[in-house]
Amino acid sequence: MTMLRLEDLTVRFGGQAVLDAVDLAVGEGEIVCVLGPSGSGKSTLLRVVAGLQRAEAGRVLLGGRDQDGVPTHRREVGLMFQDHQLFPQRDVAGNVAFGLRMRGAGRAETAARVAELLDLVGLPGAGARPVRELSGGEQQRVALARALAPGPRLLMLDEPLGQLDRSLRERLVVELRTLFRRLGTTVLAVTHDQGEAFALADRVVVMGEGRIAQAGTPLEVWRRPASEFVARFLGFENVVAATVRGAVAETVWGPVPVPSGTAEGACRVLVRPGGVRIAPDGHLACVVAGRTFRGDHVVVRLRPEGGPELDAACALAVAPEVGASVRVGFAAEDVVVLP
Amino acid sequence: MTTPTRRRSAAVRLGLMALPLAFFALFFAYPVAAITGRGLKEDGQWQLGRVGDVLTDPAIGHVLWFTTWQAAASTALTLLVALPGAYVFARLDFPGKGVLRAVVTVPFVLPTVVAGSAFLALLGRGGLLDQLWGVRLDTTVWAILLAHVFFNYAVVVRTVGGLWAQLDPRQEEAARVLGASRLRAWRTVTLPALTPAVASAALMVFLFTFTSFGVVQILGGPRYATLEVEIYQQTAQLLDLPTAAVLTLVQFAAVGVLLAVHARTVRRSEATLRLVDPAHTAHRPRGAAQWALLCGVLGTALLLVVVPLAVLVQRSLDGPGGDALAFYRALGSAESGGGTFTVAPLEAVGNSLEYALAATAVALLVGGLAAAALTRRAGRLARGFDALLMLPLGTSAVTVGFGFLIALDEPPLDLRSSWLLVPLAQALVGVPFVVRTMLPVLRAVDARLREAAAVLGASPLRVWREVDLPLVGRAVAVAAGFAFAVSLGEFGATVFIARPDSPTLPVAVARLLARPGESTYGQAMALSTVLMLVCAAALLVLERVRVRVRTDGGSEW
Amino acid sequence: MNTTLRRAVVATAAVALGLPALAACGGSGDSAAGSGSGDGDKTVRLVSHDSFVASKDVLDEFTKETGYKVQVIKGGDAGAAVNQAILSKSHPQGDVFFGVDNTLLSRALDKDLFTPYEAKGLDRVPARLQLDAGKHRVTPVDFGDICVNYDRAYFADKKLDPPRTFADLVKPEYKDLLVTENAKTSSPGLAFQLGTIAAYGDDTWQDYWKQLKDNGVEVVDGWEQAYNSRFSGSAAGRKAGGDKPLVVSYASSPPAEVMGVTPAPAEAPTGVATGTCFRQIEFTGLLKGAKNTKGGQALIDFLLGKRFQEDMPLQMFVNPAAQDARLPELFTKYGAAIPEPGTMDPQRIAEHRDEWIKKWSSLVLK
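Keeping their order, the protein sequence lines are chains B, W and D.
Residue numbers for the first sequence follow UniProt numbering, so the first one is 1 and each next one is one higher.
Residue numbers for the second sequence follow UniProt numbering, so the first one is 1 and each next one is one higher.
Residue numbers for the third sequence follow UniProt numbering, so the first one is 1 and each next one is one higher.
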C-alpha cells in the first residue's frame, strides 16, 4: 500500500521553480531517500508534505487522503530537522513527550513511552538531562526519539546525520536502518551524501533543479546512472562525448567498448574508474597527475594526450607514482551509455 | 492545496490582530477622530480652510520650530550623555550595578510635576550648580534640554545597553585579529549591529521630547511652548477646537514621518545578530581608559539623576522640629493638611497600584497579541500596524482625554463614570512598550522551533503557549514591569479624563503641591518619595528576573 | 490586594470579552467611587474640577438627609472641567456641575449648559455674588480673592512697608520683588491681570504692565512654581531658597501657611496686599439633560446649606457664599478682610479674554 503519494507537485520561490511537477510514491514500511545537491528542492519537498510550505500546484496524499487544507498539526507525520530544533527550555524527557502530550496521552502512558524510546535510541535514563548539555550525537538521538514517540504514519528526516562527524555518521546510519526495519517505519529522508543515502534507503531518488532525475534501488542507481547529471553527482568524472558504431564508441580517448545493442549515433559515455585499466597494452597514453587514497584502493588522476582528464581505480600495490607515464584500456562492463 | 492554508494563516493573523485593532479603534482612533472632527467640522461642513489659517500663523510657526529643534537637540544630547552609559552598563562589572540601573530608570516613570521641581534644585536658584559655580540654568533652554536627558537617560541605557550586552564580543575580537584598530573594530563591527537599537532609542527620545509638556512648563518658563502645550491651551483653556484639531493633525504628521524614518533605518540595518548570554560579556574595568569611562559615567549619572532624586528625599525628611518622619505619618491620616483629602493620601498608593495592575493586564493582553501577530509576518500591513501602536505616544493626553469624553458617551460605551477609563487610557501608553519589548525576542525565536512543535501535533495556539511563551518569559516580565511603572507614574491622561474620585499617586502629589502650607508641601515630597520607591522596587524586581531567567534575544528597551 | 486582583482580572476580561462586559462592569467595579450610573434614582452625580474636596462625613450627611448618594466625577483644572462640560452637553456626565467661576461663567451660560433652579437659602447669599440673579441658571457657592502676598520677615528685615495697592507695585522700592503667573496657563495669573484691568481700565492697563515689567516683575508658568519655589514667604519656598518676597496667590494662603503648625504662631508668616485683589466667585448649576433632576436640586440646596458651607473653607480654602456660615478660627485669626476687591462683568471677560491674554503675552513675555 502506498503511504505517501505526491502528484505533479510544484513550488516556486520568486518565479523560480524549486519543485517542478514532482511525482513520488512511498510504500508503507519503505525507506526512501531523496538525494541531491544543496538547492535541489529536497527540504522544500519535506516541508510541503508536512504542510509547512504551500505548493502552487499538485497534490499530497497521505494514506490515500488528499492533504489539501489539513494543517500541519493534524497530518500525523514526523519531521526531524537538520539541526534538531530541540526545545531549549525543556529537558530530554520533556522533548520526547511533547508529541504525546499534544495527542492527549495520559501521564503514565507518556512516561512509559518516553522511557521505551530513550532505550530504543540508546539513551536510557537520560530523561532529566537538559538538552543544552547534550553532544551532537545525543541531540540527534533525542530528536529521533521525539519524532518517533507519537507514532507518525510517515517519518521524514532532513539531513539526519548532516552535522555529525564521519565515523559517528557511518555507525548511526546502520543503526537507523536496523531500527526502522524493526519498527516497520515508513521513512522519507533527504540528504546530499550519497553514502548515507545508499546505506539507509530501500530506494533512492536523485533530484536536481526541482526535478526527479532518477529513482531506483541503490544498486540500480549506482550501476546505471540515468544521466550525466546523476553520474557526476555520484562522483563519476569520466564522462566524454562519443559516437557509437557497432560495439564501439569513438571518443577523444580512442575507442571505448559499449554493451551490445547500444543504439548507433552520438551520445555520451561514462567509464567507471574501476573500468579504466592500467596495462602496458592499453591504447591510450597518459601521465599520472595525482593520487588519492580511498582506504582499500587508490584513485589515480590521469592526463591523456587528448581529451579531458580521467580517474582510474587501482589496487594499492600497483598504483603508479605521480609523473609516471602509463597506458590504459577500458573494460566493457564498467561502461555506461548516457543519453 | 494552496489557498486554504494561506487563507487560514491570514485568518490566524487577523484573529490575533482583531483585539488589538478593536482596542485601538475604540479607545484611540475613534475618540481622537471625534474630537478632531468636532474641531474641523462646523454645521456639517469641513472647515479645511482652518488648516491654512493656523499653519500660516507666525506664532504657531514659532511653536512648531521650537518644538522640533528642542526635540532634536534633546535627542542628540541624550545620546551623547547616555551612550557611554549604555556601554558601561553593558560591558563593565561594578558593584551596585543593578541598583543603579533601577535608579536611573526612576526619573523616566516619575511624574514631571515632581521631577521638574526636583530638577530645579539642581539647576535653579540656590541649586547645586548655583552654589558651586554660580551657574543658574532655570528658564533657559538648557534647563529643558538637561531635564530631557534626565528623563530619557534610561531609555537609551536600556535599549542600547540591553542589546550591547548580548552582542558577541568575539566578533569584535575577530576584527581586531584581522588588523582593525580598537576604534575601527567598534565602528565596523559593533556600531552597525547597534544601529537599530540606537535608532529605536533615538526615536523614542525624540517622540517623548517632541511631545514634552510638564518639563517645558516648569523649567522653561512662560516663554517656551511646545506643540503639546499649545494643544493643551487651545483645548482645555480656550476651547478653540479648530486650532487644536489642526495642531493635532500636525503632530500626527510629524510622528508619522518619524515612525516611517525609524522603520526604514531599522529595516535597512536589520541583520541576524549573534546574541550571547549577557553574563559572559561583562568584565571588571581594565586599564586607565575604562576606569576613567566608568567614573565619568557614574559621575554623570550621579549628578544628573541621583542628586535631583536625593533632593526630593531630603525635603520629604525635613519635617518640622527635625522630626524626619512627620510628613510620612501625616500621609497616613485622612486629617492630613487639615482635610485636603477625603481619603488618606496613602490610599492613593492603593488606588495607583490597582489602576497600574489593571492597566498592565490590559497592556499585556493587547500588546502581547499584537506582538504575536506582528511576529508572523513583516508585511507592509504589519508595519503599518506597528506604527499605529506607537501613535498614542505621540498624541496629546488632553486630546485623548477630551476625545474619550465626547466619543464614549453613549451606552454601551458610556465609560465616563467607570473606573476602567483610567487604566484603559494608561494601557494605551503601555501597549507600545509591551510590543517594543516582546517583538525582538519573539522575532529571535527560530521559526523552525515552532514548526517542530506543529509537526508534533501542536495547534497554532498551543505552539504559542508551548514554544513562544516560555522563551519570552523574561521579555513578558520586563514588558509588564515597564507598563506597570509607566501607568504608575502616568499623569497627563489621568487628570484629563473625567473620572470617579479615587486619586492616583501622581494626582495626589499634584493636588498636594497645589496647596500652600508647609505640611502639604512636605507631604507632597514624601508621597513622591513613596512613588519613587514603588517604581524602583518594581524595576529592581525586574532586574532580578533579568538575572534569573536566561533566554535569548534582546529587548528594545 | 483582593480588589486589586479582581480589578486586573475584570479589566482583562472586559477587554477580552468586548463591550457588553465593559459596560456591565463599569457599574460594579469600584467600591470607593460609589455605585456607578446604574441606579440613577438613588445617585446624584456631581461633575467638578480637580480641586473639589468635601469631607466624607458631610457627604454622608447629605445621603442620610435625602437618601441620595453622591458620586463625584472630576476632570482637569477649572478651565478644563468647564470645557469638558460644554463638549459633553448632549450627553452630560452628571447631574450637577460645580466649579464654574466668573471668568468662565459667560462661556458656560452662552452654551446653555444649565437648567434654571432657584436654590433654597439663596436669600443668605449677598447680592453682589449673585451674578445670574434674575435667571437662576447658576448659584454662587463660594468666593475667593487673588491678591499679592508678601513675606513678612523680608519686609520687617528691610524695615520696609509691604505694598498695599497696584500702584505700590511699580514703585522703585519694590523693584525685582514680585513673581506672578502666566495669564495664558494659570488661573491666578489671569485673575491678577483682570484685577489690573478692572483697576486701570481698557486704556491704561497695558501702560501699567509696562511699568510693572520695567520694575522687574517675573512671570512663571504655574502657581506651584511661583509659590512653592520662588516666593520666600512660603514654607516650601523657604526650603527651595525662594528669592521673591512678593507673589500672586490667594487671600487664603496666609491661613493655609499656619495650618498644622504647632504651636500656633501669633500671626501668619505672610500677609496680603489688600488693594491688589480680584474676586473669583464659584458657581454650581443643574446640568441640562440631567438624569436625576430631583437629586440634583437637592444637592444644590445642600451645597448652599450651612453644613457644607462651613466645611468648605478648610477643604478648598475658599470663603463660603452664605453669610450665616461661620468661618473657622484659622480664617478669622490669620486671614485678611478684603474690603473692595476688583470685580468684572462676566460678559465683558468673555468678550475680551482672548484679546487681553494675547496683548498681555506680547507685552510681558516677549
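Some hints here could point you the wrong way.
Subject to a maximum C-alpha distance of 27 Å in a straight line, what follows is the list of computed DSSO-like cross-link-like pairs (lysine-lysine) [claimed, not checked]:
1. D:Lys-306 with W:Lys-41
2. D:Lys-135 with D:Lys-159
3. D:Lys-306 with D:Lys-294
4. D:Lys-294 with W:Lys-41
5. W:Lys-41 with D:Lys-69
Heads up, incomplete: computed chain W residues facing chain D, CB under 10 Å, no partners named [what the hints assert, rightly or not]:
6. Ile-35
7. Arg-38
8. Glu-42
9. Asp-43
10. Thr-140
11. Gly-221
12. Ala-510
13. Ala-524
Here are some, though not all, of the chain W residues that point toward chain D, as calculated from beta-carbon distances under 7 Å [claimed, not checked]:
14. Thr-68
15. Ala-72
16. Pro-222
Everything labelled a hint here was simulated from the structure, so no lab data went into it.
Since we're looking at a predicted model, the values are computed, not measured.
Here a beta-carbon is modelled for each residue, glycine too, at the ideal position from N, C-alpha and C.
Q.
Is the interface hint satisfied for W:Pro-222? The criterion is a beta-carbon contact with chain D at less than 7 Å.
A. 4 Å, holds
**Q.** W:Gly-221 as chain D interface residue, shortest Cβ-Cβ below 10 Å
**A.** 6 Å, holds
Q) Close enough to count: is the Cβ of W:Ile-35 nearer than 10 Å to one in chain D? A) 8 Å, holds
Q) Was the hint right that W:Thr-140 lines chain D, CB cutoff 10 Å? A) Hint violated; W:Thr-140 Cβ to chain D Cβ min 13 Å, cut 10 Å.
(Q) With the threshold set at 27 Å, check whether the alpha-carbon distance from D:Lys-306 to W:Lys-41 stays at or below it. (A) Distance ~46 Å between D:Lys-306 and W:Lys-41 Cα, so the pair is violated.
Q | Evaluation of the interface hint that places W:Arg-38 against chain D, nearest CB under 10 Å | A | The hint holds - W:Arg-38 has a Cβ within 10 Å of chain D, the shortest such distance being about 7 Å.
Q | Pair hint outcome, D:Lys-294 versus W:Lys-41 [Cα-Cα no greater than 27 Å] | A | 36 Å, violated
Q) Are W:Lys-41 and D:Lys-69 close enough, with their CA atoms no more than 27 Å apart? A) Distance of about 39 Å is beyond 27 Å: violated.
Q) Would the stated hint for W:Asp-43 survive a check requiring a Cβ distance to chain D of less than 10 Å? A) With a minimum Cβ separation of about 16 Å from chain D (threshold 10 Å), the hint on W:Asp-43 is violated.
Q) Hey, does the W:Ala-510 contact hint survive, CB to chain D under 10 Å? A) 8 Å, holds
Q) Are the Cα atoms of D:Lys-306 and D:Lys-294 separated by 27 Å or less? A) Distance of about 20 Å is within 27 Å: holds.
Q.
Take the shortest C-beta to C-beta distance between W:Glu-42 and chain D; is it under 10 Å?
A. Violated, because the Cβ-Cβ distance from W:Glu-42 to chain D comes to roughly 15 Å (cut-off 10 Å).
In summary, the structure is inconsistent with hints 1, 2, 4, 5, 8, 9, 10, 14, 15 from the numbered list given earlier, while agreeing with the others.
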